[in-house]
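A.B. asks: Chains A and B are the protein sequences, given in the same order. The working numbering applies: residue 140 is where the first sequence begins, and numbers increase by one. The working numbering applies: residue 55 is where the second sequence begins, and numbers increase by one.
Keep in mind that the hints were calculated from the coordinates and are not lab data.
Lysine to aspartate or glutamate pairs mimicking EDC-like chemistry, simulated, CA-CA at most 20 Å apart:
| id | chain 1 | residue 1 | chain 2 | residue 2 |
| --- | --- | --- | --- | --- |
| 1 | A | LYS294 | A | ASP364 |
| 2 | B | LYS122 | B | ASP138 |
| 3 | A | LYS142 | B | GLU211 |
| 4 | A | LYS141 | B | ASP111 |
| 5 | A | LYS141 | B | ASP84 |
One-letter residues, chain by chain:
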Amino acid sequence: MKKIATGNKAVAEAVKQARPEVVAAYPITPQTEVVEQIAEFVTTGEMKSRYIAVESEHSAMAACIGASITGVRTFTATSSHGLLYMHEMTNWAAGARLPIVMANINRSLGPGWNIWAEHTDALQERDTGWLQVYASTVQEVYDTTLMAFRIAEHKDVLLPVMINLDGFSLSHIMQPLDTVEPGDFIPPLNLPHALDVKNPAGYGTLTGPDQYFKFRWDIERSMRDAVPVIRTAQDEFAKRFGRKYGFTEDYRCEDADVLIVAMGTFGKEAEVAVDNLRKEGIKAGSMRIRWLRPFPVLDLKGKDVVVIDRDYSFGFGGILANEIRAKCKTDVYSVIAGLGGQEVTFEDMTGFVRNRRPGSELWFGVNGHV
Amino acid sequence: MAMFEIRIHSRGGQGGVTAARLLALAAIHDGKYATACPFYGAERRGAPVVSYVRIDDQPIKIYSQIKKPDLVIVLDASVMDTVDVMQGLKAGGKVFVNSAAKKEFAGFVTSHVDLTGIALRENLVVAGAPILNTPVLGALAKMGIISVESAKKAIREMFSDERNVKAAEAAYKEMSS
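Based on the sequences and whatever the hints tell you, model everything.
C.D. replies: Right under this line is the structure:
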């Protein structure tokens with residue numbers, strides 16, 4: 140049956156079908172609908188999960204860690220300050236190699252107090268060892284959440300995965316949603332280092348200078364091994380359910396002279412800007428980054444690149460722009476736009492492309508270039 | 055069909071968001087693509103609020119707000135005292151007002167029906183407030199935005215009380231043309 144759902148409901152639907160044994164979460168705008176819906180599924184018996192209503196996000200992640208280390212599937216969701224409050228524990232989750240899946244509804248950080256979309260919250264978690272993926276439609280939120288469990292729990296990965304969706308513009312928009320029967324697309328979790336009462340062992344003990352770096356390297360090795368695991372999961376998803384996803388979503392990139400690179404809903408609306416620019420005779424394309432970690436290989440050779448950052452690293456620049464400069468050894472026109480839900484339309488994006496100045500930075504709505 | 059953009063004006067708690075959802079769902083049942091989104095500001099019960107619906111034959115990739123709607127729906131005529139509901143409405147665009155009396159907007163196609171009266175007559179009242187978001191689907195069907203069948207189907211999927219369908223049918227019959 141054709142359904143209509145918000146991004147938040149799409150997360151909850153996918154989580155229901157992934158059947159985690161434990162969900163621990165604390166509500167925060169604009170994530171609240173996710174945990175409300177999951178709590179309702181648990182209350183009505185549609186989900187058999189244990190729902191732990193905790194007193195904070197730090198405790199939510201701690202509860203997921205405690206549950207996950209026993210070898211069961213876990214899920215949580217948060218946003219903005221909630222994510223930052225988890226920060227100590229998100230590092231722990233990755234370091235302990237626990238395949239926790241989390242939805243983060245991207246929202247700005249206060250003050251000024253603001254509940255609208257921005258990516259700086261998730262990007263402050265960039266170096267924790269979590270895989271990060273950014274969705275742009277309600278359908279993609281649902282599909283990616285299902286894939287996240289399979290990828291996180293794969294024996295070559297065993298790292299947590301964060302699915303990101305823009306606050307309000309994706310979390311609260313209602314779009315068509317096709318749900319699927321995942322069946323054995325998500326195999327049962329087999330955590331090799333799960334606690335076993337018959338074979339007691341300790342975790343989190345002192346790890347000296349002669350050992351610690353090996354565990355760090357192991358996280359990086361798994362991050363690299365995650366690349367083929369993600370590719371296989373996406374290919375298998377397309378084969379079974381007919382919807383195709385990549386590390387990026389490339390729209391009219393092949394013969395393009397200039398690319399708009401963005402994440403989340405901006406990356407989807409950019410496709411409208413591309414169509415309009417093409418009508419004007421400007422050969423534009425859109426490359427929407429889905430997976431930020433592991434960071435994809437991008438083919439930007441011979442093209443101008445306009446990066447739209449809905450985030451910022453003070454004293455340095457747009458975070459995505461910097462990642463692309465460093466990884467792809469190319470200079471970009473860096474546009475800082477959409478902070479705290481600032482309205483940015485496809486018409487604004489066509490302007491960014493038309494007036495691009497490679498090597499410089501534009502703060503949209505603020506005077507001038509830097 | 056080019057993309058059709060609708061802006062719904064109401065007050066917080068009157069069901070404008072649900073009206074947007076029902077309209078989008080009905081359009082999807084008609085075989086179209088549709089998205090619905092509320093504009094989230096510092097809204098609270100009773101304050102003027104806005105929701106948006108886009109309908110197209112193609113998948114909809116636009117997330118930014120609607121600036122030039124094809125149709126404006128006013129669920130509560132009293133918001134017109136403080137809000138310019140006509141802002142950005144395309145030349146020759148349509149305006150629908152929940153009102154027993156005819157409203158005139160020069161240069162625009164205006165229609166009206168008394169949704170509040172219909173809701174009260176059908177005893178479609180929750181917590182003392184008449185329900186407007188299901189009867190308005192009847193008016194939208196009369197305008198040809200959605201089919202009658204899809205309007206009813208969408209209402210029945212979200213509400214089990216048949217009075218919602220009856221109210222929509224009444225709005226369809228009684229609407230000015």
